[in-house]
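Peer 1: So the chains spell out like this:
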Amino acid sequence: MINYIKSELYRVFHSKGIYIYIIVCNLLMLLAAVILFYFDKIEPTFPYGNAKFFYVNVVTAGLLIMVIGASMNMLVNSKQNKALNKISISFDTSVSSIYWGKFVVYIITFLILTIISAIVTVILGIAFFEYDQTALTNYLLSLINMAPVVFGGLALAHAINSFRVNLAIVIIIISIFYYQSSMFIELLTIASDKFDVIYNNSPTELLDTNFKNYVNESVELGMHYWIIGLILGLVFLTIGYLFYKNKEFTD
Amino acid sequence: MNPVIEVNQLSKKFKHNYGLYPTDFKLYEGDICAIIGKNGAGKSTLFKLLANQIHPTGGCIKLFNIDGNKVNSQGRKRIGFMIETPDFIPNFNAYQNLHYFSIQRGVTNKEKIENILAQVGLKNVTKKIRQYSLGMKQRLGIALALLTGPDLLVLDEPINGLDAEGIKEFRDLILKLNKEQGITILISSHILNELQQLAYRFVFIEDGKIIEDISKEQLLNKGKQQLIVKVDSPDDAVRILEQNIDNIKYKVLHNKTIAIDPSRVESSYINKLLLNNDVAVEEFKMETTNLEDYFLSKGGSDND
Chain A
1 MINYIKSELY RVFHSKGIYI YIIVCNLLML LAAVILFYFD KIEPTFPYGN
51 AKFFYVNVVT AGLLIMVIGA SMNMLVNSKQ NKALNKISIS FDTSVSSIYW
101 GKFVVYIITF LILTIISAIV TVILGIAFFE YDQTALTNYL LSLINMAPVV
151 FGGLALAHAI NSFRVNLAIV IIIISIFYYQ SSMFIELLTI ASDKFDVIYN
201 NSPTELLDTN FKNYVNESVE LGMHYWIIGL ILGLVFLTIG YLFYKNKEFT
251 D
Chain B
1 MNPVIEVNQL SKKFKHNYGL YPTDFKLYEG DICAIIGKNG AGKSTLFKLL
51 ANQIHPTGGC IKLFNIDGNK VNSQGRKRIG FMIETPDFIP NFNAYQNLHY
101 FSIQRGVTNK EKIENILAQV GLKNVTKKIR QYSLGMKQRL GIALALLTGP
151 DLLVLDEPIN GLDAEGIKEF RDLILKLNKE QGITILISSH ILNELQQLAY
201 RFVFIEDGKI IEDISKEQLL NKGKQQLIVK VDSPDDAVRI LEQNIDNIKY
251 KVLHNKTIAI DPSRVESSYI NKLLLNNDVA VEEFKMETTN LEDYFLSKGG
301 SDND
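Chains as they are written, first to last, in this note's numbering: chain A, 1 to 251; chain B, 1 to 304.
Don't read these hints as lab results, they were simulated from the structure.
Errors might be hidden in some of the hints.
Said to hold, decoys possible - Derived CB-CB ranges, DEER-like:
hint, chain 1, residue 1, chain 2, residue 2, range
1, A, Phe39, B, Asn124, 53 to 63 Å
2, B, Gln197, A, Asn166, 43 to 53 Å
3, B, Lys123, A, Lys16, 52 to 62 Å
4, A, Ser175, B, Lys26, 54 to 64 Å
5, B, Lys77, A, Ile119, 37 to 47 Å
6, B, Gln131, A, Asn166, 25 to 35 Å
7, B, Lys123, A, Phe163, 34 to 44 Å
Stated by the list, open to error - Result set (DSS-like, lysine-lysine): computed pairs, CA atoms no more than 30 Å apart in a straight line:
hint, chain 1, residue 1, chain 2, residue 2
8, B, Lys62, A, Lys82
9, A, Lys212, A, Lys41
10, B, Lys272, B, Lys38
11, B, Lys179, B, Lys216
12, B, Lys137, A, Lys16
13, A, Lys6, A, Lys52
14, B, Lys15, A, Lys245
15, A, Lys82, B, Lys128
16, B, Lys272, A, Lys82
17, A, Lys16, B, Lys123
18, B, Lys112, B, Lys127
19, B, Lys216, B, Lys176
20, B, Lys251, B, Lys216
21, B, Lys272, B, Lys251
22, A, Lys82, B, Lys216
23, A, Lys82, B, Lys112
24, A, Lys247, B, Lys137
25, B, Lys137, B, Lys123
26, A, Lys247, B, Lys26
Said to hold, decoys possible - Derived coverage of chain A by chain B (criterion: at least 3 residues anywhere in the stretch with Cβ under 8 Å from a Cβ of chain B; other residues may be distant):
hint, segment
27, 195-209
28, 229-242
Just so you know, even glycine gets a beta-carbon here, dropped at the ideal spot from N, CA and C.
Construct all of the structure, not just a fragment, from the sequences and the given hints.
Peer 2: See below:
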């Protein structure tokens, strides 16, 4: 599997895709910073020209980050890349090496994007706005809490995307699971209090709580984010693998 | 000689029908074996089973005379596959593509990759794969199959898209690999006359079943004389022949040509008969059947 991961890393980092993601995501953050900075200068009563509000653009965008992450899965699971699997299989690379190897490469590329983007947002926050230690600390803690929840979404994207599924459908499934499902669980809580625990620990609620804590400047690292996120991620990946391991490479 | 591939009762059933019925087949070390059959006959199914791209419904594959799935995995490492036209990374050039797959196999040797590219005539080509012609992709596919110095090459339609010069180069390369390095070759192609020049053994496959397995010598012995007549109106010619010659054996070929078994009648009589009945004879010659004729005589077609 190590050789497979190395070869995929070689392919991904010798292609434009990853660099386009890094440039576009960071340009969007730069644009957000410039717009807030501009309105802060021309509008004396503008309340959002500060680092805290600038960072909130990221903290509140859990679902958007997952959607961007899901689309990044195409770096390893596009139709063209799937066609290479046939050769890899005949080169005696195992199906499990392909499935798990691609996921490792996917997570590495996503981590690189997020680390660079996090550094860029911190720098932009400091460069454009008045330095706010509390906002910065809360922002970084929020990102750490968000990470495992987003990981679950990425795992779901990889599990679905390993098959011939349209990216739009992958995004819709992630949106339903990570956004709409909590509404369904909320309905169940009306029927019974027993569902409160599930509702409070649903990915949507976790992201929402994290956001509220950021706004209230009371973010704390939470183990439950990691437990829920990692369990969900592993369940998605395992279910995906159980289907994938019997796959035939005919197209 | 040791078998490098031994297939016992290997079968593959797709949703509604068999791609390959339970089949026994052996390929021996040093051989060049051609698999011949129409499209959909089961050639690619057999090759994909060997390459592990699809899973067998029944039976087993033994590679390099060692049994067991784990050993098969080791055996597969000694095989260079080219199944149909392989897909490559379109925004990479030939070297980068081979480098990618060589990392996967754990052997990254720049000099070796360049040597292989030189062998297939792609050494100094810097174009991206998306700009390649089909023939160039085929060459790269052959290079990929050679990448890890295999003991066995499994080549499915490797000369599709190659020009005449490319086909000759390919033939020379395959014969050289077989004679100088002892590499065993399993090959399929629609260009049957090319296979005749390459292979020592011919396996005919039809509707998922091996129907004949003969050596080159056996094929030559089976070769028989036939009278080739090209006429302006094949329908009229056939009618006249049937009316005048009892039990005549013939086959209407493409391009207004009829192949006639000359054992039952003098060829001069046929010529006279056609001319007397106002059928214009454009070509009239005796030929010995080749692989293509033999294949066609078995009801096959090389371009369907």
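Peer 1: All hints, please: hold or fail.
Peer 2: For each hint, the structure was consulted:
1. Phe39/A x Asn124/B: 53 to 63 Å: At roughly 57 Å between Cβ atoms, Asn124/B and Phe39/A fall inside 53 to 63 Å, so the hint holds.
2. Gln197/B x Asn166/A: 43 to 53 Å: Given about 47 Å between the Cβ atoms, the range holds.
3. Lys123/B x Lys16/A: 52 to 62 Å: For Lys16/A against Lys123/B, whose Cβ atoms are near 26 Å apart, the range 52 to 62 Å is violated.
4. Ser175/A x Lys26/B: 54 to 64 Å: About 55 Å separates the Cβ atoms of Ser175/A and Lys26/B, which means 54 to 64 Å holds.
5. Lys77/B x Ile119/A: 37 to 47 Å: Taking Cβ atoms as reference, Lys77/B and Ile119/A lie about 43 Å apart, which means the hint holds.
6. Gln131/B x Asn166/A: 25 to 35 Å: Taking Cβ atoms as reference, Gln131/B and Asn166/A lie about 28 Å apart, which means the hint holds.
7. Lys123/B x Phe163/A: 34 to 44 Å: holds (38 Å)
8. Lys62/B x Lys82/A: holds (28 Å)
9. Lys212/A x Lys41/A: Within the cut-off at roughly 28 Å; holds.
10. Lys272/B x Lys38/B: violated (37 Å)
11. Lys179/B x Lys216/B: Holds - the C-alpha atoms of Lys216/B and Lys179/B are around 17 Å apart, at most 30 Å.
12. Lys137/B x Lys16/A: holds (22 Å)
13. Lys6/A x Lys52/A: Not OK: Lys6/A and Lys52/A at ~40 Å, beyond 30 Å, violated.
14. Lys15/B x Lys245/A: holds (19 Å)
15. Lys82/A x Lys128/B: At roughly 19 Å apart (the allowed maximum being 30 Å), Lys128/B and Lys82/A satisfy the hint.
16. Lys272/B x Lys82/A: violated (63 Å)
17. Lys16/A x Lys123/B: holds (24 Å)
18. Lys112/B x Lys127/B: With Cα atoms ~20 Å apart, Lys112/B and Lys127/B stay inside 30 Å; holds.
19. Lys216/B x Lys176/B: holds (19 Å)
20. Lys251/B x Lys216/B: holds (24 Å)
21. Lys272/B x Lys251/B: holds (19 Å)
22. Lys82/A x Lys216/B: violated (40 Å)
23. Lys82/A x Lys112/B: holds (27 Å)
24. Lys247/A x Lys137/B: holds (26 Å)
25. Lys137/B x Lys123/B: Roughly 13 Å separates the two Cα atoms, so the pair holds.
26. Lys247/A x Lys26/B: Holds, at about 27 Å.
27. 195-209: violated (count 0)
28. 229-242: Per the Cβ count (0), the hint is violated.
Hints 3, 10, 13, 16, 22, 27, 28 from the earlier list are contradicted by this structure; the remaining hints agree with it.
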